[in-house]
Structure formats: structure tokens, C-alpha cells
Amino acid sequence: MAHSAAAASDAANPAAIPEGKDAKALHRLVFIGIAVALALLPLVLYPVFLMKVLCFALFALAFNLLLGYGGLLSFGHAAYFGMASYVCAYGAKVWGLSPELAILAGTATAALLGLVFGALAIRRQGIYFSMITLALAQMVFFFSLQAKFTGGEDGIQAVPRGSLFGVVSLADDRVLYGLVALIFLGGLLLIYRIIHSPFGQVLKAIRDNEPRAISLGYRASQYKLAVFVLSTTLAGLAGATKAIVFQLASLTDVHWSMSGEVVLMTLVGGMGTVFGPIIGAFVIVAMENYLAQFGAWVTIIQGIVFVICVLLFREGIVGLFARMLKKPL
Amino acid sequence: MTTIFGVPMQALFGQLLLGLINGSFYAILSLGLAIIFGLLNIINFTHGAQYMMGAFVAWMLLNYAGIGYWWALLLAPLAVGLFGVILERLLIARLYKLDHLYGLLLTFGLALIIQGLFRNEYGVSGLPYAIPQELSGGQRLPFMFLPNCRGWVVVASLVVCIATWLVIEKTKLGAYLRAATENPTLVQAFGVNVPLLLTLTYGFGVALAAFAGVLAAPVYSVNPNMGADIIIVVFAVVVIGGMGSILGSIVTGFALGLVEGLTKVFYPEASSTVIFVIMVLVLLVKPAGLFGRTA
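Protein chains in written order, with my numbering: chain A, 1 to 329; chain B, 1 to 295.
The set of hints was computed from the structure by calculation and includes no laboratory data.
Cβ atoms here follow ideal geometry from the backbone N, Cα and C, with glycine treated the same way.
One thing to keep in mind: the hints can contain errors.
[Unchecked claim] Chain A side only, calculated, beta carbon under 8 Å to chain B, not exhaustive:
1. 120
2. 128
3. 139
4. 200
5. 296
6. 297
[To be verified] Quick list of in silico lysine-lysine cross-link-like pairs, DSSO-like style, CA-CA up to 27 Å:
7. 327/A with 93/A
8. 24/A with 93/A
9. 97/B with 327/A
10. 204/A with 172/B
11. 204/A with 327/A
12. 24/A with 327/A
13. 326/A with 97/B
Kindly produce the complete structure, drawing on both the sequences and the hints.
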């Protein structure tokens with residue numbers, strides 16, 4: 001039932017638009033646009049806010065790789081994001097690792113966790129898959145609450161930013177912004193390559209019609225596990241980077257509301273679009289930043305955005321543009 | 001005093017009772033989820049919020065209208081069930097033709113809204129709900145003291161669960177429900193009003209959650225977050241039990257409550273994760289869950 005339903009919703013799926021040569025030219029323009037924006041935006045906006053947006057954008061891109069192209073709705077992606085941020089913070093603070101090694105350690109943790117959890121979760125499909133990922137993530141949350149190394153309710157505070165390769169000090173926000181922007185761009189390019197590779201094509205085939213892909217000889221579960229691990233690894237990269245930026249790893253990042261937030265970012269930007277999650281992350285982070293004074297209303301507004309997106313606006317902002325341009329974005 | 005495996009019997013039975021009470025809530029909540037999922041194919045993420053609403057309606061009835069616990073057991077599920085009917089008609093019914101992931105996302109958004117509204121109004125500290133007079137006091141059993149209000153929770157939830165199971169398995173209405181779960185188009189062709197059946201089913205599932213909420217009000221404090229905390233455990237219970245089965249959700253609910261209680265006695269650190277660990281083990285052996293049918 002899950003696969004037929006996925007195929008039925010394909011009408012609203014912008015990724016279903018066939019790709020031509022001019023689409024590639026358009027994507028090249030978008031990449032140039034993003035690079036220019038990354039260079040110019042710190043002149044107008046506060047770099048720490050921008051770094052927050054970039055970390056969440058990478059997180060949402062990683063999540064969308066799994067949902068939009070693998071058709072797998074993980075409802076526990078906070079586990080990989082948060083755990084990576086804990087390990088990175090602990091590595092930098094207690095083991096005295098340099099920032100690049102700390103980020104790598106966090107990312108590797110997320111990859112390993114993703115491998116174990118993914119192997120379990122892909123045994124079931126559709127909604128069951130979502131519920132299992134959610135429950136596993138909750139296990140990670142309780143672990144983080146009780147384990148000694150995470151600092152419980154306090155989290156790991158005052159994480160040193162250190163200096164990159166022992167040479168470039170990251171204490172200055174603008175230097176760190178450069179690093180975060182590079183990590184983000186690298187992640188985006190990697191995801192773009194994955195989506196447009198033969199591997200990505202097989203993924204889309206499995207998403208649209210799994211039994212058919214299997215009958216053609218593809219080992220669907222191996223593909224699904226591979227994309228799951230890729231997605232958790234990149235989510236971990238985003239979480240670890242965030243720990244260095246904010247010099248903090250805390251329970252908020254492993255809580256299930258964070259898993260909900262990344263779904264919201266992807267939904268608002270447009271799931272199954274390459275660039276949608278970036279816009280989604282920008283909108284949601286900006287909303288949280290500028291509405292913070294309204295307290296609990298932020299959750300209510302997020303809920304309302306969720307409901308509106310699901311009922312009326314399933315293709316998201318970028319999905320809408322893609323349909324207007326009749327080209328995949 | 002008598003001890004079992006080095007644990008005083010008093011403490012062991014105390015935790016087992018607590019586990020049984022938690023299990024009662026898991027059973028009713030996962031039963032409601034199973035009924036809604038069976039017919040609507042929607043994972044009702046709002047279930048936890050609706051459980052919380054049940055408790056709050058009971059609290060409001062007592063504090064604003066002076067209506068006590070026993071009436072609340074009837075009125076709160078009716079009110080929240082009606083709210084569910086409205087939600088289904090206005091919002092959820094629009095999603096049946098889409099991938100069911102959208103149902104999960106919509107109900108998740110609704111849960112955020114409902115919980116946020118209650119948090120705004122009542123804060124997060126929790127409100128006390130007095131134990132009704134008829135349930136104060138307790139029974140002195142040979143091995144432990146059993147407070148009446150706790151024993152009542154277990155009895156009430158068992159009765160409701162068994163009654164629901166009987167209605168679904170043994171009555172004509174239940175037969176329609178089961179048939180509509182298998183093949184809604186065919187049942188509609190036989191002249192059964194399937195959309196109405198869907199609406200009423202959703203309302204009933206929601207009313208079950210609210211009933212659990214009223215039961216919970218005197219046992220725990222009434223708190224806007226109470227639903228968010230329990231619902232994820234209930235999801236794990238549902239995965240373990242296998243979602244296709246009504247009986248499975250009841251049995252697994254009670255059993256996992258007991259297991260959780262036992263863990264609290266022997267290895268307290270693991271008590272909040274033991275259900276998830278069991279979920280992992282069950283998935284490794286039986287991916288469809290203990291009572292589930294493989295599709």
C-alpha cells in the first residue's frame with residue numbers, strides 16, 4: 001500500500017518533472033547565486049544567525065535526501081544531529097581535539113548510529129518506518145539525559161572553537177562563517193551529485209515503485225540503507241558544526257521536537273526539490289529568531305504552518321517555483 | 001521481611017502495580033491508535049494531545065462547573081470525541097487520497113497547536129486533581145497496600161478495552177468496521193455509509209484517548225506535556241504489538257507496563273528505555289510485531 005500511495009502523490013512531486021539540458025544550466029545559475037549570496041549576506045545579516053541558518057539548512061538537505069529522494073520519512077533525525085553535536089563538543093572540550101577532528105568524530109558517530117538504526121528501521125515500511133525511527137531517537141534522548149558525558153540537563157557548555165589545523169583561529173565569527181559556508185557548500189554539492197548519479201536514479205525508482213525496482217534486480221533494502229546512512233552522516237556533519245558555532249551541545253538538539261522541526265523546514269521549502277530545504281531552513285530559523293518574544297506562540301505558529309503546508313501547499317516554496325518554471329529545482 | 005531476588009516484596013509489588021497502571025494507559029491509547037489506523041490509515045499523532053485534553057476537560061469540569069470525576073468520565077470523552085469528529089470532517093478527511101505520511105504530518109502539526117495553546121493558558125507546572133471521595137482509602141492485601149484509586153484505573157481500563165474488543169469482534173457494527181478496513185469500496189457498494197463510519201471511528205478513537213486522560217487526572221498531575229511524553233512510548237508499544245491487531249495492542253500495552261515496572265525494581269537506569277530496547281529485539285525477530293500479520 002505504501003508504494004502505491006507514494007506513486008499517487010507523485011502528481012504533486014516536483015522531482016517528477018523530466019530533466020533536460022537547460023535544467024542543468026539553470027542549476028549552475030542557482031549554484032552561482034548561492035555562492036554570491038553566501039559571500040554577500042554577512043554584510044547585511046548577523047554572521048551567527050547566518051551560521052545557524054546554514055547548519056539547519058545542511059540538516060534539512062540531509063533529511064530531504066532521505067525523504068524526498070528515498071521516500072523514507074524518518075521522524076528521529078534529531079538523534080543523529082544531536083548525538084554528533086555531543087560527540088563533537090566532548091571531543092573539542094575534554095579530549096582537546098582540533099575543530100576539524102572534533103567535527104569528523106561527531107560525523108562518524110552519526111554515520112555509525114545511522115547504520116545501526118537504519119538497518120533496524122528499514123525492516124518496516126511507510127508509517128511503521130517513521131514510528132520506529134521516532135522510538136529509536138527517543139532512546140537516544142533518554143540516553144543523553146542520563147549518560148555522564150552529555151552533562152544531562154546542562155549539556156556541554158563553553159566548547160572551545162579552537163583553531164583550524166592548529167593554524168587558523170576560529171574565535172572570530174567571520175573566519176568561522178567562512179568555514180561553515182564551505183562545509184555547507186560541500187554538503188550541498190555532495191547531495192546534488194548523489195541525487196544526479198545512477199545511485200540517485202535507482203533511489204527514485206525505488207521510491208516510486210519498490211516492487212518494480214526489486215523485480216528489475218535492484219536490492220532495494222541495500223539502497224535504502226545506503227541513503228539512510230548518507231543522510232544521517234550529513235545530518236551529523238550539520239550537528240557537529242553547530243556545536244562548534246554555538247560552543248554548546250544540549251538536549252534540545254536530540255529532542256523529538258527537533259526532528260519535527262527539520263520535517264517542517266523540508267515541507268515549507270519543498271520536499272523532493274534540491275534547493276527547497278535551504279529556503280525552508282531560512283524561513284523557519286528566521287521565524288524562530290524574530291518571533292522569539294512571543295514564547296509558546298512560536299510552537300503554535302509552527303503547528304499552523306505545518307497544517308497549512310499539508311493541506312494547501314504540499315509542494316512548498318521552491319516546488320511552486322519549479323512548477324512555474326516547469327523545471328526541477 | 002520476605003524478599004524476592006534480594007528485593008523487598010513490598011517494593012516489588014509496589015512497582016508492579018505502578019507498571020500495571022502505566023500499562024493500562026498504554027493499552028487504551030494504543031487501542032485507540034490501532035482502531036483509527038485500521039480504518040483511516042492515519043497515524044494519529046494528535047492522540048497524546050487528545051489524552052491531555054481529556055484530563056484538562058475533567059479538571060475544567062471540576063474547577064469551573066463543579067462537576068465531579070464520575071460525570072467527567074462520561075462527559076470529557078464525549079466533548080473531546082466531538083472535537084475529534086470536527087477535526088476529521090474539516091481537515092483529516094481531505095487527506096485520504098494522499099500518501100499516509102501526510103496524515104502523520106497533519107496530526108503532528110495539530111498536536112503542536114493544541115499543546116501550545118494549553119501551555120500558553122496553563123503553564124507547564126501541572127495542576128492537581130483531587131482524588132474523588134469514593135476512591136480514597138485502599139485495600140490492605142497480604143503483601144502490599146493497594147490504594148483504591150489505582151486499582152480502579154486498572155479495572156476501568158480492562159473493562160473498556162475488553163468491551164471495545166467485544167464490540168469490534170462480535171457485533172454487526174464491528175463487522176462493518178472490519179469489512180471497511182479490508183475493502184472500503186466494496187462495503188460502500190453494499191450501502192454502508194463509509195465516510196460516516198470513518199468519522200465516527202475517529203471520534204471513538206479520540207474519545208478513548210480522552211477517557212484515558214480522565215483516568216490519569218487523579219493519578220498523575222494534569223499537565224500540557226503529559227501527552228507528548230507518553231505518545232512516543234505508545235508508538236513503540238504499537239510497533240511491538242503489531243498494528244493490525246486490536247487484541248495485540250491491549251495485551252502488549254499491559255505487558256509492557258509490567259516489564260517497565262520490573263525494570264524499575266532491578267535496574268532503574270534503564271526503565272525509560274526498556275520498551276525501546278524490547279522494540280529493537282522484537283523487530284529483529286518479528287518485523288511485523290508480536291501480533292501483527294505480514295502484509
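Is residue 24/A close enough to residue 93/A, meaning Cα to Cα at most 27 Å?
-> Not OK: residue 24/A and residue 93/A at ~44 Å, beyond 27 Å, violated.
Grab the minimum C-beta distance from residue 296/A to chain B and call the hint holds if it beats 8 Å, violated otherwise.
-> 5 Å, holds
Hint check, residue 120/A versus chain B [nearest Cβ-Cβ separation less than 8 Å] = 6 Å, holds
Taken at face value, is the distance from the CA of residue 97/B to the CA of residue 326/A at most 27 Å?
-> 25 Å, holds
Taking 27 Å as the top limit, are the C-alpha atoms of residue 204/A and residue 327/A close enough?
-> Distance ~17 Å between residue 204/A and residue 327/A Cα, so the pair holds.
27 Å limit on alpha-carbon distance, applied to hinted pair residue 97/B and residue 327/A = 26 Å, holds
Does the nearest C-beta of chain B fall within a distance shorter than 8 Å of the C-beta of residue 297/A?
-> 7 Å, holds
Is residue 327/A close enough to residue 93/A, meaning Cα to Cα at most 27 Å?
-> At roughly 47 Å apart (the allowed maximum being 27 Å), residue 93/A and residue 327/A break the hint.
Would the pair residue 204/A and residue 172/B pass a check requiring their Cα atoms to be no farther apart than 27 Å?
-> 44 Å, violated
With a cut-off of 8 Å, does the beta carbon of residue 200/A approach a beta carbon of chain B closely enough for the hint to hold?
-> 20 Å, violated
Go through the hint on residue 128/A and say holds or violated, using the shortest Cβ distance to chain B against 8 Å.
-> Cβ of residue 128/A sits 6 Å from chain B, so the hint holds.
Straight-line alpha-carbon gap residue 24/A to residue 327/A, limit 27 Å | 10 Å, holds
Comparing the model with each numbered hint stated earlier shows that hints 4, 7, 8 and 10 do not hold.
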